[in-house]
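Using the sequences and the accompanying hints, generate a full structural model.
Protein chains in written order, with our numbering: chain U, 1 to 228; chain W, 1 to 271.
I should point out that these hints are in silico values taken from the structure, not numbers from a laboratory.
Every residue gets a Cβ at the ideal spot worked out from N, C-alpha and C, and that includes glycine.
Any given hint could turn out to be false.
Partial list, derived from the structure: chain U residues whose beta carbon lies under 7 Å from chain W [to be verified]:
{"hint": "1", "residue": "Ser28"}
{"hint": "2", "residue": "Trp44"}
{"hint": "3", "residue": "Thr47"}
{"hint": "4", "residue": "Ser59"}
{"hint": "5", "residue": "Ser186"}
If we take Cβ atoms under 8 Å as the criterion, some of the chain W residues that face chain U in the derived model are [what the hints assert, rightly or not]:
{"hint": "6", "residue": "Asp15"}
{"hint": "7", "residue": "Thr18"}
{"hint": "8", "residue": "Ala145"}
{"hint": "9", "residue": "Ser146"}
{"hint": "10", "residue": "Pro176"}
For reference, the chains in residue letters:
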Amino acid sequence: MTNLPAQEPLASLQREQAAPPVRPWYVSAALALCAVTLLLGGVWMFTRSKSPYPFFGTSYSPPAAAARFSGTDDLGKPFTFAPDGKTTTALFFGFTHCANICPVSLAYLAKVRNLLPASERPNFRILFVSVDPARDTVSRMHDYVTYFGQATGVVVPGDQLSSVAQAYGVGYQKSDIKGPDEYQISHTTATYLIDSAGKLRALWDYTQLPQVQRVAQDVQYVAEHPTR
Amino acid sequence: MTASGGINLNPGLLDLLTFRPDWPMLVALLLVGGVYFWQYAAAHNRNWWPAWKVALFSLGLLLWFLTTQSQSNSLTGQSMALYMARLMMLAEVVPPLLVLGLPQIRLDSRRGLGQLLGLLLDPWVALAVWAAVIIFWNIPAGFNASVVTNSAAQLLPALYLISSLMVWGVILRPLPGVQPAHVGSRGWFGLLAAVPMMTVAAIWLYTPRVLYTPYVSALCLWNLSPLQNQQYAGWIMMVAGLPSLFLAFGQLMLWLIKLADGDSLPKPPRS
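If you want it as structure tokens, here you go:
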């Protein structure tokens, strides 16, 4: 890059800056096709360099440690989420008064589980953590998770829930408040896929869950390739 | 319950502008700024590189920095309006400022950098790349979902910036030595690039339901509903698109005036 010298006369500038000839349209069109191919090919190579496996969900690169937490499961027993070396987990945060996203997500995750080979199903669990511990009792959680799927419901005490949510980047807030026990909760809708070593490997937005076949492929890959 | 989990749902301006580095983008920004000011310092003739160009380029760099190196980037999933504001800043505000800030540069269109820029600033190439970025990452149906979801966070801001720089480079023609397009074709090009965006903006503004799936039931910032967010996003898109639309109309008018004056008509052969 050179800027023009001071003594150069305007005529010289105009001569040197004369526009080049216009390309024929078919040459420009061919160049455009090459540019788009290069762009998309480059992006494809970038994503493959980050993760050799083409996750349908958004992959964590590198995998991050999933936060541990404790609470009460839907059978009333103490529950601690920690890696056990064999179980792959799909973790979802929701609440039992939810009429749309939570039940739909649980139902799709149950379908994903059913798509796995029979031998792998016992090692895949679906965790449903309540963001409404004030109303989600153990029995209500049990009825909800068994009606809509095959998840394990977990109630984390209110004072610990905030830090668990923060660890996963989950947000929630009361909305449509009509009374102390009559309200909705707006919340983030991601499902987190955690391998048996306790590492976050991918997340799906709820709009991705209907493609159960592709979600199941992610689960199967992570079950077969946990982090070391 | 007043808690909102791990997300601040009522961020103020200071929260949004808190420094949060995107390192590859920051390196690119520093390189571009470094080369520009190094060349400016080495320039002998400031007539070709006036202070107003430096001011515009600096403003472009500042807005580029604020848009890509701030906490607001992590909150776009909770606000379609914020997402759109960031996108429009990278597509419609920063690129024209950077392009207008360029000095008169002498380049040979047949070799090296001049040849490369001549290819990149070919209207067909610029429009195809820009359209590919918009379509591939915003209309996921039918495309490779894995590539889309796993490249969006890291590559998309850079791709918006680069493809929009190409489009604005065609419209403003900062390098006449390597860009053959006359004012009329640039006007048509600008119109072609601006009208689809304005159409989408109008749809978002007036449609009665949320159209963009990830935001249908999103937890939104500032207690806005997803539909309000979509309407604000439509406003932002429309306002941001107006300058390029007006510029395109202006260029077309200029072209028509030239045609009327006979400047573009073939000259009779000299006897």
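Status of each hint after checking the structure:
1. Because the smallest distance between the Cβ of Ser28(U) and any Cβ of chain W comes to about 4 Å, under 7 Å, the interface hint for this residue holds.
2. Look at Trp44(U): its Cβ gets to within about 6 Å of chain W, closer than 7 Å, so that hint holds up.
3. Look at Thr47(U): its Cβ gets to within about 5 Å of chain W, closer than 7 Å, so that hint holds up.
4. With its C-beta approaching chain W no nearer than about 6 Å, Ser59(U) sits inside the 7 Å limit, and its interface hint holds.
5. Of the supplied interface hints, the one on Ser186(U) holds, with its beta-carbon coming within about 5 Å of a beta-carbon of chain W, less than 7 Å.
6. At about 14 Å, the closest approach between the beta carbon of Asp15(W) and any beta carbon in chain U exceeds 8 Å, and the interface hint on this residue is violated.
7. Violation of the interface hint for Thr18(W) is found here, the shortest Cβ-Cβ separation to chain U being roughly 16 Å, above the 8 Å cut-off.
8. A hinted interface residue such as Ala145(W) counts as satisfied when its beta carbon comes closer than 8 Å to some beta carbon of chain U; here the least separation is about 6 Å, so the hint holds.
9. Of the supplied interface hints, the one on Ser146(W) holds, with its beta-carbon coming within about 4 Å of a beta-carbon of chain U, less than 8 Å.
10. Taking 8 Å as the C-beta contact cut-off toward chain U, the hint placing Pro176(W) at the interface holds, the least distance being around 5 Å.
Hint compliance for this structure: hints 6, 7 are not met, and every other hint is.
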